[in-house]
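Let the hints inform the model, and build the full structure from the sequences given.
What follows is each chain in one-letter form.
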Amino acid sequence: MMMRIGFQFLILVLIISTTVRDRMATADNAYTLDTVREALVRQEDTIVFGLIERAKFPFNSQTYDQKYLEIPGFCGSLIEFVVKDTEIVQAKAGRYENPEENAFFPENLLSSLVPSYPFTKILHPGAASININKSIWKIYFQDLLPLFVSSGDDGNYAQTAASDLSLLQAISKRVHYGKFVAEVKFRESPQDYEPLIHAKDKEGLMKLLTFKSVEEMVKKRVEKKATLFGQGISLNSSDDNNGKQKFDPSVASKLYEKWVIPLTKEVQVEYLLQRLD
Amino acid sequence: MMLRFLLVVVVLISCTDIYKTVKGDEYTLESVRASLVRQEDTIVFNVIERARFPLNSPTYDPHYASIPNFSGSLFDFILNQTEDIQAKMGRYINPEENSYEENLPASLVPHYNFSQFLHPTAASVNINKSIRKIYFNEMLPLFVTSGDDGNYAQTAASDLSLLQAISRRIHYGKFVAEAKFKENPRDYEPLIRAKDKKSLMKLLTVKSVEDIVVKRVEKKAMVFGQEVSLDHDVNGKYKVDPAIVSRLYLDSIIPLTKDVEVEYLLRRLD
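Chains as they are written, first to last, in our numbering: chain P, 1 to 277; chain H, 278 to 547.
To be clear, the hints were calculated from the coordinates, so they are not data collected in a lab.
All clues stand as given, with none of them false.
Taking lysine-lysine pairs in the DSSO-like style, the calculated list, with each CA pair at most 27 Å apart, reads:
{"hint": "1", "chain 1": "P", "residue 1": "K219", "chain 2": "P", "residue 2": "K254"}
{"hint": "2", "chain 1": "P", "residue 1": "K246", "chain 2": "H", "residue 2": "K514"}
{"hint": "3", "chain 1": "H", "residue 1": "K496", "chain 2": "P", "residue 2": "K224"}
{"hint": "4", "chain 1": "H", "residue 1": "K514", "chain 2": "P", "residue 2": "K219"}
{"hint": "5", "chain 1": "P", "residue 1": "K224", "chain 2": "H", "residue 2": "K514"}
{"hint": "6", "chain 1": "P", "residue 1": "K200", "chain 2": "P", "residue 2": "K173"}
{"hint": "7", "chain 1": "P", "residue 1": "K224", "chain 2": "H", "residue 2": "K516"}
{"hint": "8", "chain 1": "P", "residue 1": "K56", "chain 2": "H", "residue 2": "K492"}
{"hint": "9", "chain 1": "P", "residue 1": "K254", "chain 2": "H", "residue 2": "K516"}
{"hint": "10", "chain 1": "H", "residue 1": "K496", "chain 2": "P", "residue 2": "K56"}
{"hint": "11", "chain 1": "H", "residue 1": "K496", "chain 2": "P", "residue 2": "K246"}
{"hint": "12", "chain 1": "H", "residue 1": "K516", "chain 2": "P", "residue 2": "K220"}
{"hint": "13", "chain 1": "H", "residue 1": "K516", "chain 2": "P", "residue 2": "K56"}
{"hint": "14", "chain 1": "P", "residue 1": "K56", "chain 2": "H", "residue 2": "K457"}
{"hint": "15", "chain 1": "P", "residue 1": "K134", "chain 2": "P", "residue 2": "K258"}
{"hint": "16", "chain 1": "P", "residue 1": "K56", "chain 2": "H", "residue 2": "K535"}
{"hint": "17", "chain 1": "H", "residue 1": "K472", "chain 2": "H", "residue 2": "K484"}
{"hint": "18", "chain 1": "P", "residue 1": "K219", "chain 2": "H", "residue 2": "K496"}
{"hint": "19", "chain 1": "H", "residue 1": "K516", "chain 2": "P", "residue 2": "K173"}
{"hint": "20", "chain 1": "P", "residue 1": "K173", "chain 2": "H", "residue 2": "K514"}
{"hint": "21", "chain 1": "H", "residue 1": "K492", "chain 2": "P", "residue 2": "K224"}
{"hint": "22", "chain 1": "P", "residue 1": "K220", "chain 2": "H", "residue 2": "K496"}
Below is the structure:
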């Protein structure tokens, strides 16, 4: 009698554990090399749109001047006020529960006030929280912005800051997608990565992750998108190609070549180094 | 002789001063039209970006997000809080910007001297309540797929960005109306005094121009929404159906802009 109950119980446990494993397996299949690549391609459009929209405003240096803003209880520039406070609102609304999202001021955030959503969790727990936004922030304001915005001031500092935040978020998302790229690549051929990870061989990992031909294609495609999306469009089709460009397309490919691609690979390497912890 | 010369000089100098205080000469019919054209790109980009997410209906469900001390949906929360931040940073000091929320905090930043082109009593026309309703009831269902991916915060932020672009374009009708009025005040004055909405609407409507706008928006949706590849032309695949994008203009954005123009003009002589 006891043996029969025990046997039935065992069958029950086996059935439950296989269905749970199946559900986990299907959730994991949301991220594959193909879907990750598709996501990266789609994100190019978002970044190019973001660049074009930021280029609508001149530099508007007051936005970035700590001395311009004099708010009791707050020390910083207008852009810092906008980004910090907007991120708090977004955090309360659950944005950063999604592993694809990374805040610029994570130390500032409050917890989500909305019901938890079962986002697919494929990242290795220890490595999932890699966040290099402080570097991205610096590069964005010191190196990228001066490349493509005209000097000048039109007083629209709040809109300028909102525009910067939107573009920063798009760049950050793409760069941190390196975690998903790395996880998917690792799962495909762990034997290739494990020895390098154990040896903490950053250079070896970087070499393994680099495909020059793919990078060239990405840069060319981004430049093509910037050319197409940045052109002035009129109904007279002969005007289109000599139409006024809203935006210098080479800035988009430079952004990818000098910063987006290298930083994404840095994130991949950092992620992999922690993958076996 | 010297006195008369000095008098002429003084008069000339005071004339230039008067010219300088006539602000808002940055707005002309041509500059207003150029701005509207550029705003098409912003609206098309934002439609494409919103279409990345499915409908994500919990975003708009007041019962989904139970945020302490706040009554409304997740979208309402994000709209309210984000406009709050933007208001403090001076966004709505610019006459081109119109908020969806009322009772926003005052700007905390130094005052910026934006051009004051609009007639003071008519400048505050704000039809954002209608725009918001039309956006969620009529526009959004046209170009988003049904479904749920959990990204409600990003969805709401995306909606807000698009709503701001649409609002700015529609309320640009105030600048269009002012520029048109300044060009031909005699055409408008009798209609305004008679409060003749229908005739004002007729006077403001140039079908051929509207057709060009709708066609150009469709073309932009085709160019900006295309799948771009290096090796082959992916024809016919768009992130959003360009015909739908042009419908947004035909059915909602153009008519609402004219509503604003009429509303503005009705107050122009106050």
